[in-house]
Amino acid sequence: MRKAGAIFLLALVVVSVATLPWSLQWYNVQELDTAIRHPPSLAPAVAMARFRQTSEPSSVSSKLAYAATSWFGHDDLGRSVFYRLMPGFLLSLLVGLSAALMAVGIGVTWGAVAGLAGGRVDMALMRIVDVLYGLPYILMVILLKFAITRPLTAWFGGHTRIADLVVLLLAIGGVSWLTMARVIRGQVLSLKSQAFVDAARAAGARPTRILLRHLLPNLVGPTIVYATLAVPQAILQESFLSFLGLGVQAPTPSLGRLAADGVYAINTFVGYWWLIAFPCGTLVLTLLALNLIGDWLRDRFDPKTPYPSPVVGRGK
Amino acid sequence: MITRLLRRLITGAATIACVYTLTFVMVVSIPGNPFQTGERNMPPEAEQALRARYHMDNNWLYFWEFLLGAIRLDFGPTFTYNEWTCNQVIAASLPVSVIVGSLAIATALLLGIPLGVLSAIRKGKLTDHLGLILVVLCISIPTFVTGSLLLILFGVYLELAPIGGWGTLSHLPLPVITLSLPFVAYIARLTRMGMLDTLGSEFLRTAYAKGLPQRMVIWKHAFKPAFLPVLSYLGPATAQAVTGSFVVEKLFGIPGIGQHFVNAALNRDPGLMMSTVLVFATLLVAFNIVVDLLYSWVDPRIIEAV
Amino acid sequence: MFGRIVAGCLAVVAIELCVVGLRGRSDRADFTYVNPSGIHTLDPARMSWTQDFRVALNIWEGLTTWHPQTTEPIAGAALFPPEISADRLTYRFVLREDARWSNGDRVTSEDFIRGWRRGMEPGTAADYTFLFTDHIAGADAYVRWRRECVSALTTGGDIEAVFDGCAGEMEKRFARVGVRAEDDRTLVVSLTRPCPYFLDLTAFPSFLPCHPSVELLRERHRGTPINAQGLVVYDPQWTKPDYHRSGYPGLTTNGPYCLEEWTFKRRARLTANPHFRDVAKIACKTVDMLEYENVSASLLAYESGRVDLLTDLSVPYDHEIARLARSGERPDFHSCVLLATYFLNFNCTSPTVAGRDNPFVDARVRRAFTLALDRDQIVDKVRRRGDRAAKSFVPPRSIPAYEPPEGLAQNAAEARRLLVEAGFSNGRELPTVELLYVPNDERMCQAMARMWEEALGVRVELRSQESKTFAEEKARQRFMIARGNWYADYNDPTTFLNCLVTDNGNNDSGYTNPRYDELLASANNAEDSAARAALLRRAEAIVVEEDCPILPILHYTETVAIQPYVSGLHANPRLWFPFRHVSVQR
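Chains as they are written, first to last, in my numbering: chain A, 1 to 316; chain B, 1 to 306; chain C, 1 to 586.
Below 27 Å or equal to it, Euclidean Cα-Cα: the simulated DSSO-like pairs (lysine-lysine) are:
hint : chain 1 : residue 1 : chain 2 : residue 2
1    : B       : Lys-125   : B       : Lys-220
2    : B       : Lys-210   : B       : Lys-220
3    : B       : Lys-224   : B       : Lys-210
4    : A       : Lys-3     : B       : Lys-125
5    : C       : Lys-468   : B       : Lys-250
6    : B       : Lys-125   : B       : Lys-224
7    : B       : Lys-250   : C       : Lys-240
8    : A       : Lys-192   : B       : Lys-220
9    : B       : Lys-224   : A       : Lys-192
10   : C       : Lys-285   : C       : Lys-240
What follows is a set of in silico ranges between Cβ atoms, one per label pair, in the way DEER data are often shown:
hint : chain 1 : residue 1 : chain 2 : residue 2 : range
11   : A       : Ala-277   : C       : Asn-103   : 58 to 64 Å
12   : A       : Val-121   : C       : Gly-247   : 55 to 61 Å
13   : A       : Ser-61    : C       : Arg-330   : 47 to 53 Å
14   : B       : Gly-211   : C       : Ala-11    : 32 to 38 Å
15   : C       : Arg-4     : A       : Ser-41    : 54 to 60 Å
16   : A       : Pro-40    : B       : Thr-21    : 53 to 59 Å
No wet-lab data here; the hints were simulated from the structure. All C-beta atoms in this analysis are idealised placements derived from N, C-alpha and C, irrespective of residue type, glycine included.
Take the sequences, apply the hints, and build the full model.
Below you can see the structure in the form of C-alpha cells.
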C-alpha cells in the first residue's frame, strides 16, 4: 500500500513534467465559442488550429498532447482543465513542499534549541513564537505584498510572476514553522527528562552530541507527521489567499485556485462536476500519497518503532 | 508553582504588549483609506479632517490613547461599521465564535483520539489504512468544499438542518462538524504517532508482564504520554478555533469574529484590527499557559514546561 | 485519562447546548427580505450603497419620492408639484399638513435644512456633497470656506483665534446658501442653474430631513456648534433606535416605517410608523431585513419560502438564474435593467507606470484597444447574466429624450492599422500592458486580456488587487488599464458625463479635454431640452468615438426574486422597493 502511494505520486509528477512543454503554452488558451464548460470527453473539443498559434504545428508529440485536451473537460473560459491541472499540481506541490521544508528546517531547530537549552533561552524563543503566532496574518500578507513586490520584480528583471510566487512562498512558509517549533519543544522537554539523556550526560557527552545522536532520531516521528500535514495546510492557505485576491496572479493555475474557481459546481442548479472533482481529487490523492510516504519514512528512520507491529497478541 | 505562574502571566502580558506594538506599526505603515466605504473617491481634505478627529494623524498619540483605552476595555470606533463601536462588534461576535470553536475542538477530541488510537493498535491493517484515508480526506478537501457539500446534503436534500444562519440548536451541527474536520485530522495523526511511540516502550512490557488486560494497558497506561503531542497542538489550535474561521462563517452565515479579522485588514480599519488582535493574543497566551500547566500534570517529569 | 477528556468535552458540549437552546425565538414578520452585505450605515448623508438607500427611503421620506414602477418623482412629504419660478431657478416646496415624525412631531422645513446641511459639512465626509455644491446656489462657496477653516485648524498657527473666527462666522455664511425656511411649512430653494432633474434629486437620501433631537448628540467644543477640529460631527450612533446617551430618544424618522430593532449582522426590523399619514393603507406592518452573508444560502432560504424578496442574486451560477429569468421558466425572477455601466479606465496622463512606458497617452492606442475587444462575447459567453454590451457610456433607451451616440463597433483590422499609425508595427513592440482589477472581475479580465493578446499580439499582464489596495493604486494613477463602474445618481446623462470633466473627483483616467468641458458647460445653460440633449450627445461622442479615455464594456442587469404571493413590487432600474405598497397573500 505504501509503495502504491509513492508510485502514484511519482507517476503524477512524471506526467506533469512531461506535459510541461505543452501545458505552459496551452494553460490559458480560451475558447469561448465551442469549448466553454464542456464536459470531459475523449475527443478534443477545441480545434487544433487554436493551439497552432502557440506552439509548433504538427509533430507526433504535439498530436499526442492535443489528444488529451478534453479528458478532464473545460472550464468557464473554455480552457482545458487537464492542461491547467498539470502545471497547477506542480505549482501547488512546490508551494507545499517548500512550506514543509521551511517548517522542518526552522521549526525543528528552533524548538529543539529551546527545549534543550531551557530556562531563559527557552522562554525567549517560545515567546517570540507566541508573538509571531498572535500577529494578524492577512495584514502581514498585505503589508508583505505591498512592501516587497515591486523591489522583487525589479530584482527578477521585470518578471512579476516569479516575484509574486516568491512573496507567496514567504507568506506561507513564514508561518508554517510555528506549530512545528512548539511541538518539537514539547517533545524535547519530554525526552530530556528521560533516562537515556541523563545517562548520556553522565557519560560526559557534549550538548550538541546529545542533540544529534540522541534527541534528533527521536524527533523523527512528530517531524514527519507535521511535515506531511504542513503540505496540505500550505496548499489550502494558498487557496484562501487567492480567494481574497492575495495569492497567485491569474491566469496562473494552482490546485487551490482551481478548487476555489470550481466550488460553485456544488449547487442544486447546474452540474459542472468536473470543475471541482478533478482538482479536489488530485489534491486528495496527492496528499494521501504524501502521507503514505511519510509513514514509510517514519517506519524506516524512527528508532522507537520495531518491526513488526508492537502490540504482540497477549491478553486480548 | 505560584511564582512560576506569576512569571508566566507577566511574560504573557509582555507578549501581548509586543503583539500590540508590532501590529500597530503594521497598521500605520500600510497604505489605504479606512474611511472610504463605497467606490466613490473621497476628497483628501475630508480624509485629513477625519484623521484629525480620531487622533490618527499623530501616531504616538494614537498608540497611547488606544492602549489606555484597551486597558479600560474601551476599543474605540470602527470605520467598517459606521454605527457600531469595536466593543459592540466584539461583544456580539466573540461569544458565537467561542461556542462554535469550543464545540468543534470537543468534537475533534472525541472523534480524533479514538481514531488515532485505533489506527495505532491495528497498524498496517485495513483499519489503519481506512483511518489514513479518512484523515487525508478531512484535511485535504478545502473547507469551503466540505461545507458546501454538507450544506447541500443536509440542508437541501435531506432537509435536516437549516441553511445557514444562527440562533437555534439546529444551526449548530453543520458548522461545528465542518470546522472540526481539520482538527480531527491533526489530532488523529498526532495521537497515532504518540501511541506508536509509546506502544513500543519498556514500561508497557512490564504492564503486560503483570498480566493487565490489553484495554487497560492501552487506555490507562499508554495513552497518557501519547497525549503530549496532542496537548502541545491544542494550545494554538483552540485559540484558532475559538476565534472563528472566515470560510465557515461566510458559508454558514454565522455572525462570528473570524470574518472581522479578515475584514479589518482588508478595510484598513485600525480600531477593529487592533482590538481583534488583542483578543486573539490574550486567548492564545491564556491557552498556552493552561496547556503548559497541563504538561506537568500529564507528565510529572516535565517541570520545566512552566 | 481519556475518560477525563471525554467527561470534560461532554461537559463543555452540554453547557453550550443549553446556552444556545435556551434563547428565545422571534416571530416571523409580515414581509421578509434579505440584505447580503448588511447595512453599511443608516446615516442618510453618508450612505452610498443601494441596500442602505432601500432602508433609508423606507423609514424617511423626502420632499419627493420615486414612483414604485417608473421611478419618476412623485409627491413625498411636500405637496407636488412645487412652485417653480419662471427662470426655473427657484423652487418653493410646501410641506403637507399631515407630515409627521414617528414621535408625533410635525415635520418642519428646518428639519430639511438640517438634513441638507449635514450633507454639505466636511465633518460628515459625505460622498454626495457634490450634489449640493453643483446645484444649490452658494453651497459651493460655503463648503469651500468650511474646508479652509478645517485645514487652518489642523495646520497650526493661532488655533484659538481661528477657531473663534470659524465658530462665529458659520451661521452668517450659511445664511448665504440658497436654501431658506420661509416659515415652518415652506422651503425655498435657489439653484445655480436650471436643473431639469431637481425633483429627482430631492428624493435622493442626501436630501432627507433630520429630526431636531439629533442635536443632543452633537460634539461641541467650548459650547460652540463645532468640535475641536472645527468639524460639525454627531455621535455616529444616532441612527440606532435604542441609543439613549445624553437623553437622546433613539432614532426618529418620518417615513412610512420606523426602525424598531437593529442587531448587529443579524437583522433589522421595521414597523409601520403610527403617525404616517397613510398608515391604514400599509398592509405589511412589520418588515424584517435579514443579513445572509452567503448569497447561495439566501437563495436556498428563498426557495424554501422563508424569505419574500431577494434583491441580490449574485450567486456563482448566476448565469443560470439570468437564463431562467429571461426564458420565463421562473416568473418570480425579474430582470431589472440598471442605469449603470461597467467600463475600463485608460491612464491618459502618466507617461510611465511603475517603470514601464504607458502607451495609452496616445488616443490611437486607446482606440485600437477599444476596437479589438469583442464585448458581445464577454456579455454572452463569459458573464452570461443578461447584461447589455455597451458601446456608449450612458445606457441607451434608458433616460427619456436622450439617445447616446453609436460608439465604436468591433473591428480588429482597423485596430491593428491604428497601432501601426501610432508607431508600433506589431503588438510585440508595445510595452507589456497591465490590467488592474479586483477579484470579482477575474473571469472577465482574463477573457479580455486573452482577446487583446490574440487580436493585437500585445502582452497583457493581469494584476488583481484587493479593493483597498486597488483604490489606492487607482487614485495614485499607478495603472495602465483599471476597471471601473458607475451607477447613476439621478436620471440625467450628466451623472455619467461629469465624471470625465477635467479635475473631477471621480475622473480616474486623468482625461482632460477643454472642448469636452466646454460642451458640458454650455449644456448646463442650454435653452431647451432638445438643444441640451444634442450638446450632451456631441460631448459623449467625443469620449466614446474619438478620444476613448474609457472603454465601456456593459450596462448592468440585475435579477431580483419576488415571491409570486407578493404584490406591489415591480422591477425597476433603481431597484427601488417601497414596502408600504406591498401586500402578501401566502
